[in-house]
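Q: Chain by chain, the residues run as shown.
2 protein chains.
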Amino acid sequence: MLSKNQIKLITSLQQKKYRDLHQLFVAEGNKLISDLIAAKTKVEYLIYTKEWNTKNSIGNQVKINNRIETDAIQMKKISSLKSPSSVLAVFKMPTREVNEKNIQNSLSILLDDVQDPGNLGTIIRIADWFGIKHIFCSCNTVDLYNPKVIQATMGAISSVNVSYVDLKTMILKYKKPDFPIYGTFLEGEIIYKCELQKKGFIIMGNEGKGVSESIQKLVSNKLYIPDFPCGEAASESLNVSVATSIICSEFRRQEF
Amino acid sequence: MLSKNQIKLITSLQQKKYRDLHQLFVAEGNKLISDLIAAKTKVEYLIYTKEWNTKNSIGNQVKINNRIETDAIQMKKISSLKSPSSVLAVFKMPTREVNEKNIQNSLSILLDDVQDPGNLGTIIRIADWFGIKHIFCSCNTVDLYNPKVIQATMGAISSVNVSYVDLKTMILKYKKPDFPIYGTFLEGEIIYKCELQKKGFIIMGNEGKGVSESIQKLVSNKLYIPDFPCGEAASESLNVSVATSIICSEFRRQEF
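Order-wise, the sequence lines are chains C and X. Once you know that position 78 of the first sequence is 78 in this note's numbering, the rest is easy, because the numbers rise by one and skip nothing. Whatever position you read off the second sequence (first residue = 1), add 256 for this note's numbering.
Chain C with its partners taken away, still in its complex shape:
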């Protein structure tokens, strides 16, 4: 069973300040935990119900110091999910290495104050699918280790490097005539008709406000995902993770 202090520690990790303090984060569910362990993320605690333990062998192949069997009542206490899983793990935050060469020669995604954890998690999964290795988030973007982000990544978090930076500094560092800065705007060029490059930054904005003004000015290539037939959609825009997926798909289609 878990001690009072362990329960206190684990529930505190639902808050960013304690995750940062302890450099720990929580993941729940078989698949997600297996993926994170397979990606060599270090486990601090592996916590499970008796029933789970008789059927599963997650992490048996790696050394985990703290394997703790507990019951459904304690699981409910430490879980951030409505229906707690029968397995939960506390991981050490990995140190993330930025690959300069990869950034210069390929596509990266920049997120300007994306707020919804589901959106960030989904965008990480999209980046993984389309072979985008780096996501740079503005400092006001939702925290990567927010439990809802972690759950929405479905394990893709282990293969995409997510860092928090000053976007303006980042863009000014890399922007060159042959390194385009892409963004989506109502007045942009129809994306299907653009010749898209194999490298550059794709900037996606906040759910309500879009890309902030100071960042807009740095965009070199304005794109637009047209509705169909043009101008007839009732909605004014697409959800930011949906727009990201369409953009990434179109970049990759042009390479096929």
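Because the hints were derived from the structure by calculation, they are not lab data. Ideal Cβ placement from N, Cα and C applies to all residues, glycine included. You may find that some hints are simply not true.
[To be verified] Capping the alpha-carbon separation at 25 Å, the derived lysine-lysine pairs in DSS-like fashion look like this:
1. X/K272 - C/K82
2. X/K478 - X/K455
3. X/K404 - C/K209
4. X/K338 - C/K148
5. C/K148 - X/K332
6. X/K404 - X/K465
7. C/K42 - C/K148
[What the hints assert, rightly or not] Pair by pair, the computed Cβ-Cβ distance ranges are:
8. C/E213 - X/K348: 33 to 43 Å
9. C/N140 - X/E325: 30 to 40 Å
10. X/N355 - C/N99: 49 to 59 Å
11. X/N358 - C/N105: 39 to 49 Å
12. C/K193 - X/K332: 42 to 52 Å
13. C/S3 - X/K332: 28 to 38 Å
[Claimed, not checked] Facing chain X, from chain C, some residues (calculated, C-beta under 10 Å):
14. S159
15. P226
16. T244
17. R252
Keeping the supplied structure of chain C fixed, place chain X upon it in accordance with the hints.
A: Then chain X, alone, in the frame of chain C:
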């Protein structure tokens, strides 16, 4: 202020059986409510805080019998959101007319047991964006009037016709040599290389299980959204709403 019975009625609408019984559903927030009213959805109650009422004029141009001013405490009671909005409306479920000719001559989306309300809401918004007028859901798909679905549609619900049907019967009714049934499968053809038709059904499956076996057999055109570089993604699949957006975008791109 709201009476006890009104509070009881409104909170009961968080459950499908009471929504079906009363033929009513709830929407929250300025934008969503304005869009639904603009689309001529009939309002049963419009409920708001005093503060909201001094700044807003939703629905002033239409006749609404029950306009009720309340306080933040009652709003919290009737809201299904963590942070209740300052305006909530109860709408009559519209009668939805299926347009046979539109189905025969254009694209429709079929959902086979999609469970997550956020996914259904997002798919409705995608359908609206890409001019797809009909979505047919299997009877086990999450309920259209679930508050989380309504919130995720961002108003697009008023321009897309969503009905619950037996998918197999539906497919057998329309399937013809020149009316393709599309589905996504790992062994499908790379979507970017397929010549896609302007009409047909696009079937999207359950979040965990994909398209059910009996429906799979009826698919005439198997598609695949490839990861990039092929086979290197850590994730096994894309989220169902993300996959829907990529597919719809590719269908429309080919028409541009």
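Q: Would the stated hint for C/R252 survive a check requiring a Cβ distance to chain X of less than 10 Å?
A: 5 Å, holds
Q: With a cut-off of 10 Å on the beta carbons, see whether C/T244 makes it to chain X.
A: 9 Å, holds
Q: Within 49 to 59 Å or not, the Cβ separation of X/N355 and C/N99?
A: For X/N355 and C/N99 the Cβ distance comes to about 52 Å; the hint holds.
Q: Next pair to validate is C/K42 with C/K148; report whether the Cα-Cα distance is within 25 Å.
A: 20 Å, holds
Q: What's the verdict on C/K148 and X/K332, does the C-alpha distance respect the 25 Å limit or exceed it?
A: Status holds; Cα separation ~23 Å.
Q: Given a hint of 39 to 49 Å, does the C-beta separation of X/N358 and C/N105 actually sit inside it?
A: Given a distance of about 47 Å, which is inside 39 to 49 Å, the answer is holds.
Q: Check the following: the C-beta atoms of C/S3 and X/K332 are separated by a distance inside 28 to 38 Å.
A: This hint holds: roughly 36 Å between Cβ atoms.
Q: Is 30 to 40 Å respected by the C-beta to C-beta distance linking C/N140 and X/E325?
A: 35 Å, holds
Q: Within 25 Å, alpha carbon to alpha carbon, are X/K404 and C/K209?
A: This hinted pair holds, its Cα atoms lying about 22 Å apart.
Q: Would the hint linking X/K404 and X/K465 be met if the CA-CA limit is 25 Å?
A: This hinted pair holds, its Cα atoms lying about 22 Å apart.
Q: Under 10 Å is the threshold here; is the Cβ of C/P226 close enough to any Cβ of chain X for the hint to stand?
A: With a closest approach of 8 Å, the C/P226 hint holds.
Q: Between C/E213 and X/K348, does the C-beta distance stay in 33 to 43 Å?
A: 42 Å, holds
When each numbered hint is compared with the structure, no violation occurs for any of them.
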